[in-house]
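Asker: Dock chains B and C against chain A, hints included.
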Amino acid sequence: MPFPNADSLWADVLAVRQQQPLVHNITNFVVMNYNANALLALGAAPVMAHAREEVRDMAGIAQALVLNIGTLSPEWIEAMVMALQTARGRGIPVVLDPVGAGATPYRNRAVAELLAAGSPTVLRGNASEILSVAGVEAATRGVDSAAASDDAVQTARTLAARLGAVVCVSGATDHILAPDGRHVRLSNGHVWMTRVTGVGCSATALIGAFCAVQPDAFHATIAAMAYLGVVGEVAAAQVQAQGRGVGQLQIALLDGLQLLDAETFHARLRLQTDD
Amino acid sequence: MPFPNADSLWADVLAVRQQQPLVHNITNFVVMNYNANALLALGAAPVMAHAREEVRDMAGIAQALVLNIGTLSPEWIEAMVMALQTARGRGIPVVLDPVGAGATPYRNRAVAELLAAGSPTVLRGNASEILSVAGVEAATRGVDSAAASDDAVQTARTLAARLGAVVCVSGATDHILAPDGRHVRLSNGHVWMTRVTGVGCSATALIGAFCAVQPDAFHATIAAMAYLGVVGEVAAAQVQAQGRGVGQLQIALLDGLQLLDAETFHARLRLQTDD
Amino acid sequence: MPFPNADSLWADVLAVRQQQPLVHNITNFVVMNYNANALLALGAAPVMAHAREEVRDMAGIAQALVLNIGTLSPEWIEAMVMALQTARGRGIPVVLDPVGAGATPYRNRAVAELLAAGSPTVLRGNASEILSVAGVEAATRGVDSAAASDDAVQTARTLAARLGAVVCVSGATDHILAPDGRHVRLSNGHVWMTRVTGVGCSATALIGAFCAVQPDAFHATIAAMAYLGVVGEVAAAQVQAQGRGVGQLQIALLDGLQLLDAETFHARLRLQTDD
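Protein chains in written order, with the numbering used here: chain A, 1 to 275; chain B, 1001 to 1275; chain C, 2001 to 2275.
Just so you know, not all the hints are guaranteed correct.
Said to hold, decoys possible - Some residues of chain A that are not near chain B, with every Cβ distance over 10 Å (derived): (1) Q19; (2) V30; (3) I61; (4) V81; (5) E113; (6) V191; (7) T197; (8) T264; (9) H266; (10) Q272.
Claimed, not checked - Listed next, with one range per pair, are the computed distances between beta-carbon atoms: (11) D180/A with R2268/C: 52 to 62 Å; (12) A6/A with A1172/B: 47 to 57 Å; (13) E75/A with I2061/C: 48 to 58 Å; (14) V1191/B with A172/A: 38 to 48 Å.
For the record, the hints were derived by calculation from the structure and aren't laboratory data.
Glycine residues also receive a C-beta, built at the ideal position from the N, C-alpha and C atoms.
If we strip away everything but chain A, and leave its shape as in the complex, we get:
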């Protein structure tokens, strides 16, 4: 497996732009539009479909499946289980975003039901969500984390091994942990990214696109998080220099997902390998 560095991560970016993978999303109402635009800006081909009558067919033609429980209802969980089974049967990557896990018992049951149907390839959440999925009593506050990402690392490592999945704990520092114990930290990004709804969910969607072109899900997850992190900090700097705010950041993020160049990516990447 390639050792993740700026060159190998950038190669994944180019692969997404060139291969334009079809990413099937079953995601929440709040972020559907923004996630579709994020995938399009990146160069991927999003499709959103949730009907139980067609999710098997859609997952059957996609190169990756992204599941996000941000706005649930029973029919949607059922559709997610069906799509997850199809995706696993075909061997395409599945990325799960347990939005708000820990906030309500219903979300916890939904996560349990999904995990019972099959492990995802990658699980991405904030610290509270990852702790909750691991069964650790965690403080949460709606869909925001009440814990720092650093606090969840040991739990995430164990969870990765148990699920056989890459686990990404996002926060001021992103931690990405592989089932085999590999661990990297990313320190890119900007705090304003938490004030645009759907940026975390977009990270999950982008991981789906990267996993579609990079068979090492650990590498793909790092590439997606690193790319979004660099895009975000460059965009935030531009927006602040113009005296603009988080509205403009939302748009500048999409511009950056399309236009970021290799030179900026290399100059800005803050990747630390931890083993």
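Answerer: Just chains B and C now, kept in the frame of chain A:
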């Protein structure tokens, strides 16, 4: 209760920014993303959740509940009733936006069902919607008002007393009426704000955030409407000076919700007390 | 019927701006917000409503009905059929966007069910979708076309005659075909428009607004597609000149829908009549 003036209203803005109240929204599909971004830009913490399986739990941890009937279906009304009951049981504020009331019998029945389950703390709508909620035969046109806000004031005053709720009739002039007869007019804003979908619904969501930090719902409603009105007229002026249009206004509004300063707010506020 | 030229098409634009037709949309979750904003920017009055309990009433007060199958479920198809029947009973125009037709059997069945309930006034899709609706085995890829619009012209011509509907095949060149054999090509637009989600769906929504003010649906469809095409290429040129990307394009498109002037429209229109 504080007499509403620029200083006391600005204090509410600072309180929202500092306390970051968790606002539970059960709202329509069209504006979910924009309302979440408006609340985040303001400094509040939005959560959107509509499943009957979890709305009681979510309303149980929120500091305010916002109900918006813009895109209804029976399950959503049921969920709204459940969340409303939980919120009232806990004594947290409930803000109701009767989008399109009067446009179809179904919307009228939905409003009646919600009001039967419990009065909101604040009711915000355009003139047609408020007239319709009051049972006055009103001309409506889809979700747009066919009446001027000034025409609905007397009806709104009676409605406020009957419901024991603050009633806000928004329009070129916003009228805010308390159950005890207090009444203020706000003349901020810009007509282009009606050409960005979800700005009215965002006003309702912002009222929720302000009510979470200001126990006098009359004062909180004035603060939210005044803040959005000033943000909107400043944003519209900037956008027009750049030769841009209502697309850019949508973004500039979010920037302004984050960045408006006390000086501009004081200089621009057009508040008239009516008693 | 007016021969479509820049003057007659621009007259339709002015008619929409002046009459502000109420357009009832039953559309997908991904694009609801963007389509509502596109209609508002153009000067029309959008309403989104999907509940079976109210679609007949909403279609009963609208000037046009737009149906879009982008994110389906059984209740939505049922609601679309009800609204379609009401619209046809009242003689208002119906525009159908068969998003992703051909991608899954469920979508094909949905289209068949809608067409069985009544022909639309206008059918707009990309080449794959139109070929699929016509029953031609077509390559599709999620919701993106795998065929060029030129390849679908003959099939679209036959389909227009069979349905008694205007058929619009959009792509690098847009083909618009009337049931009586009239055919025009439009060569405006910019490839980046395909990287903003909902632009195609917005085209469909705009056609609804134009059909509400122009009884010749062929003329109205050309006007809508020409207007959006010119707006899009002007916006793309501006965005690229600023070093911005598809995020900014999304916003610039809305600005342009509001602000495009007659002079630019006349100078840029690339319309070719084919008979």
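Asker: All hints are to be evaluated individually against the structure, with a verdict given for each.
Answerer: Verification of the hints:
1. Q19: The assertion about Q19/A holds, with a minimum of 28 Å to chain B.
2. V30: Violated, since 5 Å does not exceed 10 Å.
3. I61: Non-interface label on I61/A holds, nearest chain B Cβ at 26 Å vs cutoff 10 Å.
4. V81: holds, 16 Å
5. E113: Check passes; 12 Å lies beyond 10 Å.
6. V191: The assertion about V191/A holds, with a minimum of 12 Å to chain B.
7. T197: Answer for T197/A: violated, closest chain B Cβ roughly 4 Å.
8. T264: Label holds. Min Cβ-Cβ 23 Å, cutoff 10 Å.
9. H266: Holds, since 30 Å exceeds 10 Å.
10. Q272: Check passes; 29 Å lies beyond 10 Å.
11. D180/A with R2268/C: 52 to 62 Å: 57 Å Cβ-Cβ, so the 52 to 62 Å window holds.
12. A6/A with A1172/B: 47 to 57 Å: holds, 55 Å
13. E75/A with I2061/C: 48 to 58 Å: Given a distance of about 30 Å, which is not inside 48 to 58 Å, the answer is violated.
14. V1191/B with A172/A: 38 to 48 Å: Holds: the Cβ-Cβ distance is about 42 Å, inside 38 to 48 Å.
In the structure shown, a violation is registered for the earlier hints numbered 2, 7 and 13, in ascending order.
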